[in-house]
Amino acid sequence: MILLWLVLVPFIGGLLCWQADRWGEKAPRWIALITMMLVLIMTLVLWLQGDYQLPAMNAGADSIRWAMEWKVPWIPRFGIDVHLALDGLSLVLIALTGFLGMLAVLCSWKEIDDRIGFFHLNLLFILGGVVGVFLAIDLFLFFFFWEMMLVPMYFLIALWGHSGSEGKTRIRAAIKFFIYTQASGLLMLVAILALVFAHHANTGEYSFSYADLLQTPLSENMAMVLMLGFFIAFAVKLPVVPLHGWLPDAHAQAPTAGSVDLAGILLKTAAYGMLRFALPLFPEASQTFAPIAMTLGLVGVFYGAVLACGQRDIKRLIAYTSISHMGFVLIGIYSGSELALQGVVVLMVAHAFSAAGLFIMSGQLFERLNTRDLQEMGGLWGRMGSLPGFSLCFVAASLGMPGTANFVGEFMVLFGTFPTAPVVVIIGACGMVFAAIYSLILMQRVYFGPSLNDQKFEGLDGREFTMLLGIFALVVLFGLYPQPLLDTTSAVMGEVQGLFQGSLPAGSVPMSSLAGGGQ
Amino acid sequence: MLTSAHMMALTPVILVCATAVTVMLGIAWRRQHAATALVSILGLNLALVSLYLVYSAGDVSTPLLVFDRLSMLGMVLVLASTLACLTMSHAYLEGYPGRKEEFYLLMLCAAAGGMVLVASQHLATLFFGLELLSMPLYGMLAYTYRDKRSLESGIKYLVLSAAATAFLLFGMALLYSQSGRLDIAGLLAGLESSGGGAWALAGAGLMLVGLGFKLSIVPFHLWTPDVYQGGPGPAATFLATASKAAVFIVLLRIVMVAPAFHVEWLHTVLGGLALLTMIVGNLLALIQTNLKRLLGYSSIAHFGYLLVALVVADGLAVETAGIYLITYLMTTLGAFGVVTLLSSPYSGEDASALHHYRGLFWRRPYLAAVLTVCLLSLAGIPFTAGFIGKFYIVALGVEAGRWWLVGGIIAGSVIGLYYYLRVMVTLYLVEPGMRGRDAPDNWGMKAGGVVVLGLALLVIAFGVYPTPVIDWMSVLTSPVH
Numbered sequence: 001m002i003l004l005w006l007v008l009v010p011f012i013g014g015l016l017c018w019q020a021d022r023w024g025e026k027a028p029r030w031i032a033l034i035t036m037m038l039v040l041i042m043t044l045v046l047w048l049q050g051d052y053q054l055p056a057m058n059a060g061a062d063s064i065r066w067a068m069e070w071k072v073p074w075i076p077r078f079g080i081d082v083h084l085a086l087d088g089l090s091l092v093l094i095a096l097t098g099f100l101g102m103l104a105v106l107c108s109w110k111e112i113d114d115r116i117g118f119f120h121l122n123l124l125f126i127l128g129g130v131v132g133v134f135l136a137i138d139l140f141l142f143f144f145f146w147e148m149m150l151v152p153m154y155f156l157i158a159l160w161g162h163s164g165s166e167g168k169t170r171i172r173a174a175i176k177f178f179i180y181t182q183a184s185g186l187l188m189l190v191a192i193l194a195l196v197f198a199h200h201a202n203t204g205e206y207s208f209s210y211a212d213l214l215q216t217p218l219s220e221n222m223a224m225v226l227m228l229g230f231f232i233a234f235a236v237k238l239p240v241v242p243l244h245g246w247l248p249d250a251h252a253q254a255p256t257a258g259s260v261d262l263a264g265i266l267l268k269t270a271a272y273g274m275l276r277f278a279l280p281l282f283p284e285a286s287q288t289f290a291p292i293a294m295t296l297g298l299v300g301v302f303y304g305a306v307l308a309c310g311q312r313d314i315k316r317l318i319a320y321t322s323i324s325h326m327g328f329v330l331i332g333i334y335s336g337s338e339l340a341l342q343g344v345v346v347l348m349v350a351h352a353f354s355a356a357g358l359f360i361m362s363g364q365l366f367e368r369l370n371t372r373d374l375q376e377m378g379g380l381w382g383r384m385g386s387l388p389g390f391s392l393c394f395v396a397a398s399l400g401m402p403g404t405a406n407f408v409g410e411f412m413v414l415f416g417t418f419p420t421a422p423v424v425v426i427i428g429a430c431g432m433v434f435a436a437i438y439s440l441i442l443m444q445r446v447y448f449g450p451s452l453n454d455q456k457f458e459g460l461d462g463r464e465f466t467m468l469l470g471i472f473a474l475v476v477l478f479g480l481y482p483q484p485l486l487d488t489t490s491a492v493m494g495e496v497q498g499l500f501q502g503s504l505p506a507g508s509v510p511m512s513s514l515a516g517g518g519q
Numbered sequence: 001m002l003t004s005a006h007m008m009a010l011t012p013v014i015l016v017c018a019t020a021v022t023v024m025l026g027i028a029w030r031r032q033h034a035a036t037a038l039v040s041i042l043g044l045n046l047a048l049v050s051l052y053l054v055y056s057a058g059d060v061s062t063p064l065l066v067f068d069r070l071s072m073l074g075m076v077l078v079l080a081s082t083l084a085c086l087t088m089s090h091a092y093l094e095g096y097p098g099r100k101e102e103f104y105l106l107m108l109c110a111a112a113g114g115m116v117l118v119a120s121q122h123l124a125t126l127f128f129g130l131e132l133l134s135m136p137l138y139g140m141l142a143y144t145y146r147d148k149r150s151l152e153s154g155i156k157y158l159v160l161s162a163a164a165t166a167f168l169l170f171g172m173a174l175l176y177s178q179s180g181r182l183d184i185a186g187l188l189a190g191l192e193s194s195g196g197g198a199w200a201l202a203g204a205g206l207m208l209v210g211l212g213f214k215l216s217i218v219p220f221h222l223w224t225p226d227v228y229q230g231g232p233g234p235a236a237t238f239l240a241t242a243s244k245a246a247v248f249i250v251l252l253r254i255v256m257v258a259p260a261f262h263v264e265w266l267h268t269v270l271g272g273l274a275l276l277t278m279i280v281g282n283l284l285a286l287i288q289t290n291l292k293r294l295l296g297y298s299s300i301a302h303f304g305y306l307l308v309a310l311v312v313a314d315g316l317a318v319e320t321a322g323i324y325l326i327t328y329l330m331t332t333l334g335a336f337g338v339v340t341l342l343s344s345p346y347s348g349e350d351a352s353a354l355h356h357y358r359g360l361f362w363r364r365p366y367l368a369a370v371l372t373v374c375l376l377s378l379a380g381i382p383f384t385a386g387f388i389g390k391f392y393i394v395a396l397g398v399e400a401g402r403w404w405l406v407g408g409i410i411a412g413s414v415i416g417l418y419y420y421l422r423v424m425v426t427l428y429l430v431e432p433g434m435r436g437r438d439a440p441d442n443w444g445m446k447a448g449g450v451v452v453l454g455l456a457l458l459v460i461a462f463g464v465y466p467t468p469v470i471d472w473m474s475v476l477t478s479p480v481h
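Just so you know, the sequences run in chain order U and F. If you read the first sequence in the numbering used here, its first letter stands for residue 1, the second for the next number, and so on. If you read the second sequence in the numbering used here, its first letter stands for residue 1, the second for the next number, and so on.
Treat the hints as calculated values from the structure; they're not laboratory data. Accuracy of the hints is not assured; some may be wrong.
[To be verified] Partner residues are not named here, just some residues of chain F that face chain U (Cβ under 7 Å, in silico):
1) Val49
2) Val263
3) Ile381
4) Glu399
5) Val406
6) Val469
Glycine residues also receive a C-beta, built at the ideal position from the N, C-alpha and C atoms.
Please model the entire structure based on the sequences and the hints provided.
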C-alpha cells in the first residue's frame, strides 16, 4: 500500500498546489516542497527498514523476489494489473527523485513568478509520473506513466521556458521534445503488444506482467526487432547520439526546475528502462546488440564532449556534457559485468547530483546576469559570493575528479568493462580528456578572464547556499563512501548481469532456463 | 407479423419519432424555445431508458430491422450524441434571431434515421435510414442561412451527399441484379451460390464509395472541412458524431457478415484507404488555422484508424471498433462542445479561428481545461480515453500482423501531436492587454456547461479505469463473430 502512496502523494500534492494558488503565492511552493519531502522521507524509511541486500537468497521457486509488492487488477480483459514493486534499484532512484524534486521546487522559488500553482501542478505531476515509472512492473502501467509524464514536461518548457535565439523558441523546443519521445514511445507500445501477443499465442492468456513476459520464447529475429523497439524508446530519452536532437533545445529553453528534472531524473528513467526491461526481456538479442550499443555509447561520449566545447549558451554546454556522461552509462549497461552495472548506478546518481548542481548554478547566474551567453560573462570570480566556489566543485565533479561520486562511477564502469571490451574502454578513457577540456572552458569563460564591468552581484542567500551545499555534500559522501548504494543495488544488478551473461546458477532465479540459451 | 415483442423492440425508435411529431405539433401551436428543447430532451431520455429495457429483453429480428447487441450499441451512441448536441443547441440558438424551434425537429428526425440505419438488415431500411439521417442535416447545416458560410456548407453537403447516394443506389442495384434479393442475409446467400463475380464486387465497391463519402474517407473527404467550418456548431457536432457513428456501424455490420468483403484484394483496398486516410487527414490538419477545420481533418484521420478494425475484421475487431467509437464520440463531443459554447449565444459566424483561443485558460479556465483534456485524448495520451482507443487499435494491428497499418497509425499520431499541441499551448499563452475572466458567472450551471464538463470527466474516468466499458463491449459484441 505504501507503494501506491509513493505514486499518489505527488499527484495529490500537485492538485493541492493548483488550488492553493488562491491563498497567495507562497502556499503552492510550500505545499510542493512538503510533498516532495514526504516522498523522500517515505523512501528513506523504506530504505532503513527494508533489507535490499540479498533478496534473491530467499527467492521462491516461481516468482521474482521483490522487496515489496502491491497489486490489484485493472483491466482484466487483457490481464493488466496495477502492479507496483520495489527493489533496490527502484528505491535508490525514487529517493533520488524525491531529493531532486525538492531541489526543483527550491530553485524555482524566485525564478517562477506567474501561474505559480499551475507550475507546481506540472512539476509534481512529472515527479509522480517518474515515481510511477520506477515502480511499475506491469508493462502497460509502465508505458502509461512513461507517456504520461511527457505532458506536464511539455507545459513546463512551453509555458515557463526561456526563448532562445531566432527560430529556437521554447514552444518549438517543447514540441520537439514531445514528438521525439512520443514517437519512440509508440514504437515501444508496439513492441510491448507484440510481446504480449507472442505470450498469448504461447499460453492462451493475455498478460502484461513483467514476470510472465520474461518467460516468453521468441524467435531470434522477433526478439531482435522487439528489443530494438524498446531500445529506441529508451535511447531517445537517454539520449543516444543519433536520437539526441531534442535534448540541447529542451534543456536550453526549459526553466531551471525543468532542466534539473530532465537531467537529474528523466534521463535516468531511460537507463532504468534498459536495466529493468530491455536487457532482462531480451537477453540474447541484447547480447548480440551489445557491441553496437557500446559503439553508440562511445560516439556519444565524444560527440557530447566535443560539442560541449563549442557552445556559447551555458545550459546547452551542460546539456551536451549530459550526452557525454550518458554515453558511459550506455557502455556500462551493455558491458555485462556486474562491476560495470554497479558503476552505472553510481554514475547515474552522481550525474544527477552534478548536473542538477550545474543547472542550478546556471539558473542562479541567469537570475543575476540575465544572460546565459558565455561571451557576456567572464571575470566573475569574487564578485558573487560563494557561487564561483560551488561552481568549481560541481565542474570538478562533472569531470570525474577523484573524491567525487562521478569518479567512482566512471572508474567502475571502465574497470568493469575492460575484461569484455578493452578497446571500448581505452577509447572511452581518452574521451575523459575532453571532459577536462570542457570543464575548464566553462570555468575559464564564466569566472576568469577579462571582466566586462566591475559590477558587484548579490551573493548566495540561505536557500541557494543550502541547496548547493546539500548537493555537494552528497557528491562527496558517495565519492568517498559509495558502499550503501552498492549494497542496496547489488542484488538487482547481479540478477541483470546473470540474465545477460546466461551464467546464473540453475534454480536460483526462474529465468535461468531462458538465459541459458544465450551461450 | 407484428407481435408485442416486435413492438417492444421498436419502442425506442417510435419514441424518438413521437417526440419529433410532438415537437412539430407544438411548433404549429405556439413557439416556445425552452419548452421545445425540454420536450426533445425528455423524449430522447425516454428512448434511452426504453433502450435499456429492450436490451434486457434480448435480440429481436424482423425482416427489415434487427435489434441485436450491435444495433443497441449504435442506438446508444446515436441517442447519447444527439442528446449532447441538443443540449448545446439550446445555448447556441438563444441568440439566433430567426426561428429556433425547427432545429430540434430536424435533429430528432436525423436521430431517428440514425437509429433505423444502425438496425437495418435490409437494403431498403439501410437506404431509408441513411437518407432520413442525411436530409435533415442539409437543413441543420444551412440553418443560419443569413451567414454565407452556413448556406454554402448546407448546399455543398447536399450536392455531394446526393452524389454519394447515387453511388450507393447503383451499388445496391448491381448487387440486386446478381442475387435477386434485397435483405442483406439473403443477398449474401445468393451471392455465395452464384459465386460473386465481377458485378457483385463492383456493387460492393460502389456501396463502399457511397458510405465512404459519409465517413469522409480519403479520397472522398473533400466536403468535410468546409462543411464543418461553415455549419452552425451543434449541426457540425452532430455530423461529426452521431451521423458518422451510425454510418460506421452499418458498414461494420456489412463487412462483418459479407463474404463479398472477405476477398483478399478488397481488404488490401480497405487497408490502402485506411492508410491514406490517416496520413492525408493528419497532414492536412497541420496547416489549418481554424479549429473547426482542424477538428474536421482530425476526424478524418480518426476514421482512418477506425478503418483498421474493418480491414482486420476478426478477433478483437468488433470490440475495438466499439471502444474506439465510444472514445472518439466522447472526445469529439467535448471538443466541438467547447467550440459551440464559445460561439454561444449565436452571434454570426462561430468563434473557431485559432486566435479566438489564445489565452483562453486565463479567461475561461474550465472550458480551456475541457478542451485540453479533449485534445490530449484525440492525441491519445495516457489518462484519457483516447489512449485506450489507440491502445486497442494498435493492439489489433499488431495481432493481425498488419505492420503497414501499425506504421501508419504511429506516423499519423506523431503528425497529429504537432497540431494538437499547437492548439493546446495556444490556450495557455498570455497575451499583453488581455481581459480577465469574461465568462458569465453561471455558465457552468447551464446545461451546455454541465455537458462538456461531464464529458471531460468521462474522458478522464474512462482513461483511468476503462474496465466497465471494456466488459460491456466484449459482451455486447461477442455474438457478431
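Of the hints stated earlier, which fail here? 1, 2, 6
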